[in-house]
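All chains should be built: construct the whole structure from the sequences, respecting the hints.
If you want the building blocks of each chain, they are given just below.
Protein chains: 2
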Amino acid sequence: MAAERLVVVGGDAAGMSAASQARRLKGPEELSIVAFERGDFTSYSACGIPYWVSGDVEGPDALVARTPEEHRSRSIELHTRTEVTEIDVAGHRVRALDRDSGESRWTGYDKLVIATGARPVRPDLPGIDAPGVHGVQTLDDGRALLDSLDRAPGRRAVVVGAGYIGVEMAEAMLRRGFEVTVLNRGAQPMATLDPDMGRLVHEAMDGLGITTVNGAAVTRIDTGQDGRVTAVATDGGTYPADVVVLGIGVEPETALAREAGLPLGPHGGLLTDLSMRVTGHDDIWAGGDCVEVLDLVAGRTRHIALGTHANKHGQVIGANVGGGYGTFPGVVGTAVSKVCDLEIARTGLREKDAKAVGLRYVTATIESTGRAGYYPGAKPMTVKMLAEYRTGRLLGVQIVGRDGAAKRVDVAAVALTAGMTVEAMTALDLGYAPPFSPVWDPVLVAARKAVSAVRAAGTD
Amino acid sequence: MAAERLVVVGGDAAGMSAASQARRLKGPEELSIVAFERGDFTSYSACGIPYWVSGDVEGPDALVARTPEEHRSRSIELHTRTEVTEIDVAGHRVRALDRDSGESRWTGYDKLVIATGARPVRPDLPGIDAPGVHGVQTLDDGRALLDSLDRAPGRRAVVVGAGYIGVEMAEAMLRRGFEVTVLNRGAQPMATLDPDMGRLVHEAMDGLGITTVNGAAVTRIDTGQDGRVTAVATDGGTYPADVVVLGIGVEPETALAREAGLPLGPHGGLLTDLSMRVTGHDDIWAGGDCVEVLDLVAGRTRHIALGTHANKHGQVIGANVGGGYGTFPGVVGTAVSKVCDLEIARTGLREKDAKAVGLRYVTATIESTGRAGYYPGAKPMTVKMLAEYRTGRLLGVQIVGRDGAAKRVDVAAVALTAGMTVEAMTALDLGYAPPFSPVWDPVLVAARKAVSAVRAAGTD
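So the protein lines, in turn, are chains A and B.
First residue of the first sequence: 1, per full-length UniProt numbering; consecutive thereafter.
First residue of the second sequence: 1, per full-length UniProt numbering; consecutive thereafter.
Since the hints were made in silico from the structure, they are not lab data.
Just so it is clear, CB atoms sit at the ideal spot from N, CA and C, and this is done for glycine as well.
Be careful, since some hints might not be right.
Unchecked claim - Here's a subset of chain A near chain B, in silico, CB distances under 7 Å, partners left out:
id, residue
1, Y51
2, P126
3, I128
4, P131
5, G307
6, R402
7, A418
Unchecked claim - Quick list of simulated restraints, FRET-style, between CB atoms:
id, chain 1, residue 1, chain 2, residue 2, range
8, B, T327, A, D206, 42 to 48 Å
9, B, D273, A, R185, 25 to 31 Å
10, B, T327, A, K355, 29 to 35 Å
11, A, V357, B, P376, 50 to 56 Å
12, A, T85, B, T365, 42 to 48 Å
13, B, E367, A, S75, 23 to 29 Å
14, B, G419, A, S101, 56 to 62 Å
15, B, L208, A, G215, 42 to 48 Å
16, A, E4, B, G419, 49 to 55 Å
17, A, D150, B, G154, 58 to 64 Å
18, A, T365, B, S101, 57 to 63 Å
19, B, G108, A, R360, 24 to 30 Å
20, B, E179, A, T327, 53 to 59 Å
21, A, T327, B, G207, 38 to 44 Å
And the structure:
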């Protein structure tokens, strides 16, 4: 019997994790694996790009977990600089374009993995393609931005967007010695937090010398005689810029899937079942930034572009296509980030998320420290907790602070997964010693206050 | 109607948390509160003493969360330097001795809280009471030790015991400029870890210049002409000492309770129900270091002296005696500590704990880092995980490492509380960003390996 053929579209975390896991389970005599990647790199950490730009990390090689050569040495037939341009579902084949030779050819598959990732949102504005305006989605983007910094005529950077990428790039540009202005369309930076918590991020960014302009809608990129960016115009003013970084967010890269008639969700991502198999298609799997995932708290799908999910998807897909078994049950929406020493974390639902899915809730916000108050280096953190009205079930946690603030959100992530009430959380046996926590961990302090809020809200 | 009277025996975390919470719920016209504390201090952090001794913390005032005056200002009739010497259960009264005047008197109670804490194990050895030999259980102990350091004729310190207190005091003495030898009766330091993980602590202590002698049973304290300690003799050798710190552990201080006929468990601690009411006694509660707590993983009681539990007990007791409601469901055995920058954490069962309660298990040990491997400051950590044979239920986690190692154990603590399998843990949505975690958090890496171990162990 001839070997089955697995074709993988996309050579980053989800695709190559799937390929590697499948190869671990089945040798080349049983399964041939062909992977197509349109860029030069495989299995890299896009999340690390801000730290490469800041100078903290030597890039781009350090950000590559596994090179094309390493994949090939594991009997994976990997084609880089080769873009899949069509999926023929009925014919069980994909058409791939060699970007160097310009030649296209069809490759048949028995099983297909779609891992096409996400693409940065790039608003259709005058000047958006001018030299000096950069996205930071791929390693090539990172390299282009670093080259651009060297050529920048001055030291003024404008970052468009104040989500994770925006705030991380603001820090990176600051560390590169730029004067940084962040243009934020929303009411506060970090729209993945409630505005009251986003305000704390805003204040901290002010303290770091980063200028944040809220409610700023970009209308135009101005350019000079040489065509390079000179300023970013908004509905409220114009901001001179020697370099512009776009950190507006990403959307699923699913044009191929759409053209192939595969099912997409409300956020434009591929829809899969728990085994990461594309809904309605027994021999097609999808994972990573191009899919929608089930939000276990909200009970609906979301699009979340995050390497840790992509790696898990890849593992699950690889297990299943390799004859093993694995499922991805969903997410609770955990994310952590930082601006300099300010740590930012969230999991579960924000107030507006809870409202959007019909959940009535109470909130509790507390201030505490990451160590015993008397221990040197103890620094403040703010924890906001949402609990369901009546039942007291935990709905979400947001944390802004320093010194161990961010990863405390993991406790809430596990509690959300387990469906715990905030009352049950008050009894959690969390690690305590003065260098690591006050005698009541900040998460427990928030849970206690949330219990009071649930009680005060009554049961009518 | 006259106010009910609540009597509290013991003025540290559990007792005064109970008093404070009861006072919040009921005013003096409804409930009079009388508390007796045999020492000078109330509501202090004994866990902070090593950091006071090391010089990191200004003591002892910084370690006091609430002073006697603060308690009195909240309408709590607090008597310090007053020791309860007898509990008359039938007569609903306690006898208290004023340690300054030498006078004793009886005080009647409607409700009684016993929070007598723990006392350090002090083996009956020749010379154990010599000047220069110190326990570190109370703030008075801390002050006595600091005075002793000033008077020490040389700079050789011997720490007896290599548990939490032992390793923390080893660090403290090192930071005070002493040459430190730790005498450890067990096979490896940190007997609360499995020996393979304790060995990592041993190696790190070696690296810090702390000499650890394993398998060393102390037989005698040698003293000089002035009566002060000069050396510690063991069955394997004699170690010169200018100061000796005893960190052998503690046991419940329950002599009073025993004499009063109250029920004690196999570890000598008071037994309570879930509301922290002493078993069989409707009007007596107990909490803190003098009680045994239910180990939710092992399904039996343990004695754990830890301020965070004491505070929780106090809250629960205060709620219940104040007419509210609260329960303490039990612990999973979480503890964190450090020696210099080496972090040490554990939760759940060690191998020998699992064996002792008849659980068959598999283990998985992995090495990872606390940040993305390429991120500056990434340092190694080792995670060991125990899972139940067949079911794959998480049984325990031990972590030794640097840079955010310790508090990662909290994820396992919540998972244990929720009864998760290691397979369910592999899908946990933990915070990921390069400064905070590799793309697979070390706990998830351990869970994945534990899943393989469960599978490999079969299901027969």
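Subject >> Interface hint compliance - P126 (chain A) to chain B, C-beta minimum distance less than 7 Å >> reply: 34 Å, violated
Subject >> Distance restraint hint 42 to 48 Å, applied to the beta-carbon atoms of T327 (chain B) and D206 (chain A) >> reply: Given about 45 Å between the Cβ atoms, the range holds.
**OP:** May I ask you to test the interface hint for P131 (chain A) with respect to chain B, counting a Cβ-Cβ separation under 7 Å as satisfied?
**Re:** 28 Å, violated
Subject >> Restraint satisfaction for I128 (chain A) [CB to CB of chain B, less than 7 Å] >> reply: 27 Å, violated
Original post:
Taking the closest Cβ pair, is A418 (chain A) under 7 Å from chain B?
Top reply: Where the cut-off is 7 Å and the nearest Cβ of chain B is about 4 Å from A418 (chain A), the hint holds.
Original post:
Is the shortest C-beta separation between R402 (chain A) and chain B less than 7 Å?
Top reply: Violated. Min distance 12 Å.
**OP:** Mind checking the hinted window 53 to 59 Å against the Cβ distance between E179 (chain B) and T327 (chain A)?
**Re:** 56 Å, holds
Original post:
Is it true that the C-beta distance of E4 (chain A) to G419 (chain B) lies inside 49 to 55 Å, as the hint says?
Top reply: About 39 Å separates the Cβ atoms of E4 (chain A) and G419 (chain B), which means 49 to 55 Å is violated.
**OP:** May I ask you to test the interface hint for Y51 (chain A) with respect to chain B, counting a Cβ-Cβ separation under 7 Å as satisfied?
**Re:** Y51 (chain A) check passes; min Cβ-Cβ to chain B is 6 Å, inside 7 Å.
**OP:** Take the C-beta atom of E367 (chain B) and the C-beta atom of S75 (chain A), compute their distance, and say whether it sits inside 23 to 29 Å.
**Re:** Holds: the Cβ-Cβ distance is about 27 Å, inside 23 to 29 Å.
Original post:
Do G108 (chain B) and R360 (chain A) keep their Cβ atoms within the hinted range of 24 to 30 Å?
Top reply: 48 Å, violated
Original post:
Taking the beta carbons of D150 (chain A) and G154 (chain B), is their distance inside 58 to 64 Å?
Top reply: The hint (58 to 64 Å, Cβ to Cβ) holds, given that D150 (chain A) and G154 (chain B) are roughly 60 Å apart.
Checked against the numbered hints above, the structure violates hints 2, 3, 4, 6, 9, 11, 15, 16, 18, 19; every other hint is satisfied.
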